[in-house]
Amino acid sequence: MTAPMAGKSAPPASAPALDVERLRADFPILQSRVHGKPLVYLDNAASSQMPRAVIERWVRYQEHEHANVHRAVHALSETATREYEAARRKAMQFINAREAREIIFTRGATESINLVMHGFGRAFIKAGDEIIVSAMEHHSNIVPWQMLCEEKGARLRVIPMNDAGELLLDEYEKLFNARTRLVALAHVSNALGTVNPVRDMIQAAHRHGVPVLLDGAQAAPHLRVDVQELDCDFYAFSGHKLCGPTGIGVLYGKVELLEKMQPYQGGGDMILNVTFEKTTYNALPYKFEAGTPPIAAAIALGAALDYLAGIGMERIAQHEQALLCYATDQLRKLKGVKLIGTARDKAAVLSFTLDGVHAHDAGTLLDWEGVAVRAGHHCAQPVMQRFGVPATVRASFVFYNTFAEADALIAGVRKVQQVFA
Amino acid sequence: MTDAGRLYQEVIMDHNKRPRNYGVLAGANRRAEGHNPLCGDHIRLSLQLENGVIHGIAFQGETCAICKASASMMTTAVKGKSVADAETLIQEFRDMATGKLDAQSQTQHLGRLNVFAGVRELPTRVKCAVLPWHTLRAAFHNEPSATTEAGEF
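First to last, the sequence lines map onto chains A and B. My numbering puts the first sequence at residues 1 to 421. My numbering puts the second sequence at residues 1 to 153.
Keep in mind that the hints were calculated from the coordinates and are not lab data. Backbone N, C-alpha and C define an ideal beta-carbon position, used for all residues, glycine too. Some clues are possibly wrong.
Said to hold, decoys possible - What the simulated footprint calls covered on chain B by chain A, stretch by stretch (three residues with Cβ under 8 Å from a Cβ of chain A suffice, anywhere in the stretch; the number is not a length):
| hint | stretch |
| --- | --- |
| 1 | 32-40 |
| 2 | 54-66 |
| 3 | 117-128 |
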């Protein structure tokens with residue numbers, strides 16, 4: 001929680017000039033104590049914490065700006081609508097989409113993927129067609145496609161990976177055939193931290209005329225995402241993993257695809273005209289936003305994106321990479337620790353097992369040291385099966401984590417090993 | 001030290017390192033497996049039942065320390081007991097672990113098993129402690145498998 005001590009905890013010389021202590025002061029929850037110890041929050045891949053600016057934006061909206069959007073002509077409704085649409089433009093800028101109507105607000109990355117499954121998959125994927133996913137997907141990018149395959153008689157193809165947790169690109173190329181309709185791929189793996197070479201993989205898919213959905217839930221908080229540069233067809237991410245609230249996420253889609261797609265849910269706001277004979281759907285993005293949206297959450301997400309942009313995604317990535325290098329080196333010095341996920345290109349996720357210690361025991365004992373990590377299968381059971389482990393301990397860092405916190409993790413792991421020695 | 005801390009210290013220092021009745025029972029006439037899909041705990045019980053009495057019991061599995069210690073202590077507690085007495089222990093253990101039974105004020109037969117009351121401080125770990133007892137009941141009822149995800153525990 002304090003600046004790293006000289007000597008063993010010193011950050012590498014290349015450490016970027018991110019004033020982490022000043023940033024940490026923006027996060028009320030980071031001042032907490034857990035079991036009498038300072039909180040060391042390393043479960044950011046599950047959900048990140050919220051800075052005061054975002055909390056205050058939420059409160060200001062509820063106290064001064066709340067009404068339903070896109071409906072009434074009164075002043076509050078106009079304010080709420082303006083702010084809600086401003087949040088959409090912030091999301092557009094954050095991932096460099098071309099137009100605001102390419103940004104659809106959802107409940108989170110999971111709903112974004114389900115929206116594509118219903119709107120694109122059910123309309124355009126038929127019996128005998130194939131969908132490619134990777135061996136490192138989160139369940140949220142497996143199960144919707146399995147449901148679709150079951151419904152349509154389509155087939156799921158899986159890109160295998162090597163022991164480092166890197167996708168086998170030659171094998172990927174071989175999966176394409178005339179029946180391939182979609183590639184659904186994690187930008188960054190939640191269980192392994194692998195950053196996939198998505199730009200090349202998208203180009204490969206496009207050579208076969210196949211659109212690509214990227215699950216960016218673990219990427220958007222850590223990397224600068226440019227959907228035009230990537231040329232992905234869909235991009236999904238969640239608000240609560242990048243300092244925003246729960247219950248809000250984004251689906252980006254190229255206009256030409258979104259226009260062709262079926263609505264996901266029916267209701268108010270997504271229509272232009274309704275009679276009992278026929279309904280005309282609304283234009284993008286409203287066609288996909290049935291009912292009153294999570295207005296406050298969207299506006300708070302906008303504030304979170306402003307906050308991250310204010311720091312700069314490049315600086316965030318630099319600091320996190322320095323933390324990853326440092327923590328990886330320290331963890332590798334310990335005996336009996338096995339890192340799961342050692343890809344060359346990684347986000348700041350350390351997934352590991354301890355000899356003779358079940359991940360859940362390690363998670364409980366680390367918690368008593370104030371160190372919050374995830375222990376389990378990380379909603380990626382096929383990844384656990386691939387590496388032959390029931391569960392791993394996962395420490396996931398973000399920009400507000402310090403080198404001292406990496407030291408606290410290492411000290412905690414040593415303590416776990418002592419208890420089980 | 002917290003109850004959970006004492007639980008960990010006792011069960012880890014002892015039963016996790018030297019589990020009792022670990023292995024497969026020769027001459028077993030009942031078997032059952034238990035799964036906790038959330039954390040991957042997997043336990044296999046083998047029993048020898050004669051005239052309603054547990055003559056022998058052994059367990060094996062890939063589990064966390066809490067589950068292993070619970071299984072180890074369970075085998076020592078029920079060995080030589082009647083199925084009826086073991087059923088009482090199963091109920092009392094489950095009630096203690098889930099907080100329905102206050103071991104200090106209510107009459108019960110758990111004895112040393114009372115150390116598992118500490119697991120109440122770790123709500124996500126209650127299922128780990130209860131899994132072996134689930135599996136024992138499955139073995140009594142000739143059900144091949146038990147899971148912590150089916151119904152109330």
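Against the structure, the hints come out as follows:
With 3 residues having a beta carbon nearer than 8 Å to a beta carbon of chain A, the stretch 32-40 of chain B meets the requirement of three or more and the stated coverage holds. Check result for the stretch 54-66 of chain B against chain A: holds, 5 residues qualifying (beta carbon to beta carbon below 8 Å, three or more required). Closer than 8 Å: that is the beta-carbon criterion, and the stretch 117-128 of chain B has 4 residues meeting it against chain A, so the requirement of 3 holds.
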